[in-house]
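Q: Once you have looked at the hints, place chain B on chain A.
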Amino acid sequence: MKAEQEISRMLRPKRCSNRVVSFARRLDTVKISLWAVLILVTASWAFIFTADGASLTAYFSARNLYYAKKFFSNMLGLGSEAPAFLLAENWLNGLKLTYETLQMSVLAIGFSAIGMLFTVIPAARTAADGSLTLKSTWYGWLAFGFIRLLYIFSRAVPELVWAMLIIFIFKPGILPGALALGLHNFGILGKLCAEVVEDLDLRPIRSLRASGAGTWQLLFYGVFPAVTPKFLTFLLYRWEVIIRTTIIVGFVGAGGLGRQFKLSMSWFHYTDITLLLICYFLLVIFADLCSGLLRRLAQ
Amino acid sequence: MPRQFLDLHNRTVLSIFLIAAFIWSLFSVQWGDDLFHPGGKATILQLVKAFFQPDLSSGTLQVALISAWRTIVYATAGMSVAVILALVFGVLASGILAEKTIGRMASIGFFRGLLGFMRAIHELVWAWLFVAAAGLSPFAAIFALAIPYGGTLGRIFADILNDVPREPLKSLQASGAGKVQQFFYGYFPMAMADMVSYTMYRFECAIRSATIMSFIGLGGLGYQINIALQDLRYDRVWTHIFFLIGLVVLVDFWSNQLRRRLVA
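Here the protein sequences come in this chain order: A and B. Sequential numbering of the first sequence, starting at 1, is according to the numbering used here. Sequential numbering of the second sequence, starting at 1001, is according to the numbering used here.
In isolation and in its complexed conformation, chain A is listed as follows:
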């Protein structure tokens, strides 16, 4: 990679006109983007202060600070006779929900991984134009376009919106939450992994083909061994993100910690909320450590 960059840098001065053109174009995009960012930021803040009529001084007023203080002392259980986080029974319940949440996250990443594995090869541009499979067909291109659209579609819709839709079909529980998380991450994983397949070094595959390997043999001896480490890394990385998001899909009725969190919120059980937040925090830290460890194993 580094060497190729060096070589391309050495070659460039020979094509002087090209270099000037590309430099001008590069400057343009950057300049336009800079202006666009400036305008966007100014317009956004102007909109918030004028159209929404929001004011910072009102938000940090003495009254709001008083409420905030009251809220946080409630959460810490000050003045409460039996804070939830001091009762073993509540801890047991909280840990049970944490366990369920963990199961939901694994189920979700499993769904998206299965979906991704079935679609990722036709979703790579190199498979459609024939440089990977050495065969370019019209239905290859059709599959490429369709799957890429599917990826964009499932990726652009946030988990929470998927969950809101799915909860119309399934009864509240682990499955709808896992499906919503799985659908969103299917698009993200698909995009990331398809790019890995596109970036593959094609020479070993050509040599496999030259020695008479069929399409399936190409996949199993040429493609999969080369992409597995990166696939596993992405999988574990998305799993970390999913753990953080499980609580969100729980808000709309999918099971786990999030659902209990929402219920405690509606009942104003402040100390319960604290307990659930602690459980959630522990789960996130556990997932980070776990995925870090497993990722090292994948390399």
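Derived from the structure by calculation, the hints contain no laboratory data. Quantities reported herein were computed from a predicted structural model and do not represent experimental measurements. We put the beta carbon where it would ideally sit given N, CA and C, even for glycine. Keep in mind that the hints are not guaranteed to be accurate.
[As the list claims (entries may be wrong)] Computed cross-link-like contacts, DMTMM-like style, restricted to lysine to aspartate or glutamate with a CA-CA straight-line distance of at most 25 angstroms:
#1 A:LYS191 / B:GLU1204
#2 A:LYS171 / B:ASP1235
#3 A:LYS262 / A:GLU89
#4 A:LYS191 / A:GLU89
#5 A:LYS171 / B:ASP1231
#6 B:LYS1170 / B:GLU1204
#7 A:LYS171 / B:ASP1034
#8 A:LYS69 / A:ASP129
#9 A:LYS262 / B:ASP1231
#10 B:LYS1179 / B:GLU1204
#11 A:LYS230 / B:ASP1159
#12 A:LYS31 / B:ASP1235
#13 A:LYS230 / B:ASP1033
[Stated by the list, open to error] Selected chain B positions facing chain A (in silico; Cβ < 8 angstroms):
#14 GLY1032
#15 HIS1037
#16 HIS1122
#17 LEU1136
#18 ARG1261
A: Chain B alone, transformed into the frame defined by chain A:
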């Protein structure tokens, strides 16, 4: 050769472990017809039908357009605060400004921990905390977005700053530049392109996050999707979702263009 064998072995063990974990998770669901709502299967049909016939009346389109703008506004405002947070905390967390080793260690340890805490909690939980503590205001959404995004961006900024090539810095140092001068003439210009490119990538995520901020009662595309769902107007739901997809694709396109110019 033995090393290679070990690697293969590791990866196989990992794959088997992951498959086992997935099978374990399958037992968490009681499989059967009981999973569906009584009218659930009919709802699927209605949803699919509405997908092909979204509500394209001018009233809905107008609402969707305004909501899309609102979503952009919250995402942009949140990102602008997040970038400021990330720059300050990220530089401190990379420890490049500290003169002595002890100071650097303390700075790295403390600010890395702080950034970790900021991003460990999901933006919607932050939003709910803000609303519950101090009431409904656009600032609740903006700060709630800025904290976890600042945490993620800050950590990445710190990593990028730490990965900057050493040789130009050494030459700056040799010609007598202090830590601050090294930062402005060495670290920052070299890390700039990567930082911008990652920020653009996070902006796309911020659009999605701003959408779901509606869940705590703020306007935007998510709010409209929520209302349409409650009215069982699936055709309107899809219209708003299509607008959201449009936004995400637009930002994705922009960030790809910019990234190609900056990094290549």
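Q: Next step is simple, just say for each hint if it's right about the structure.
A: Status of each hint after checking the structure:
no.: 1; hint: A:LYS191 / B:GLU1204; result: holds (14 angstroms)
no.: 2; hint: A:LYS171 / B:ASP1235; result: holds (22 angstroms)
no.: 3; hint: A:LYS262 / A:GLU89; result: holds (19 angstroms)
no.: 4; hint: A:LYS191 / A:GLU89; result: violated (44 angstroms)
no.: 5; hint: A:LYS171 / B:ASP1231; result: holds (19 angstroms)
no.: 6; hint: B:LYS1170 / B:GLU1204; result: violated (37 angstroms)
no.: 7; hint: A:LYS171 / B:ASP1034; result: holds (8 angstroms)
no.: 8; hint: A:LYS69 / A:ASP129; result: violated (62 angstroms)
no.: 9; hint: A:LYS262 / B:ASP1231; result: holds (22 angstroms)
no.: 10; hint: B:LYS1179 / B:GLU1204; result: violated (34 angstroms)
no.: 11; hint: A:LYS230 / B:ASP1159; result: holds (20 angstroms)
no.: 12; hint: A:LYS31 / B:ASP1235; result: violated (40 angstroms)
no.: 13; hint: A:LYS230 / B:ASP1033; result: violated (38 angstroms)
no.: 14; hint: GLY1032; result: violated (11 angstroms)
no.: 15; hint: HIS1037; result: holds (6 angstroms)
no.: 16; hint: HIS1122; result: holds (5 angstroms)
no.: 17; hint: LEU1136; result: violated (10 angstroms)
no.: 18; hint: ARG1261; result: holds (4 angstroms)
When the structure is compared with the earlier hints, violations turn up for hints 4, 6, 8, 10, 12, 13, 14, 17 and for no others.
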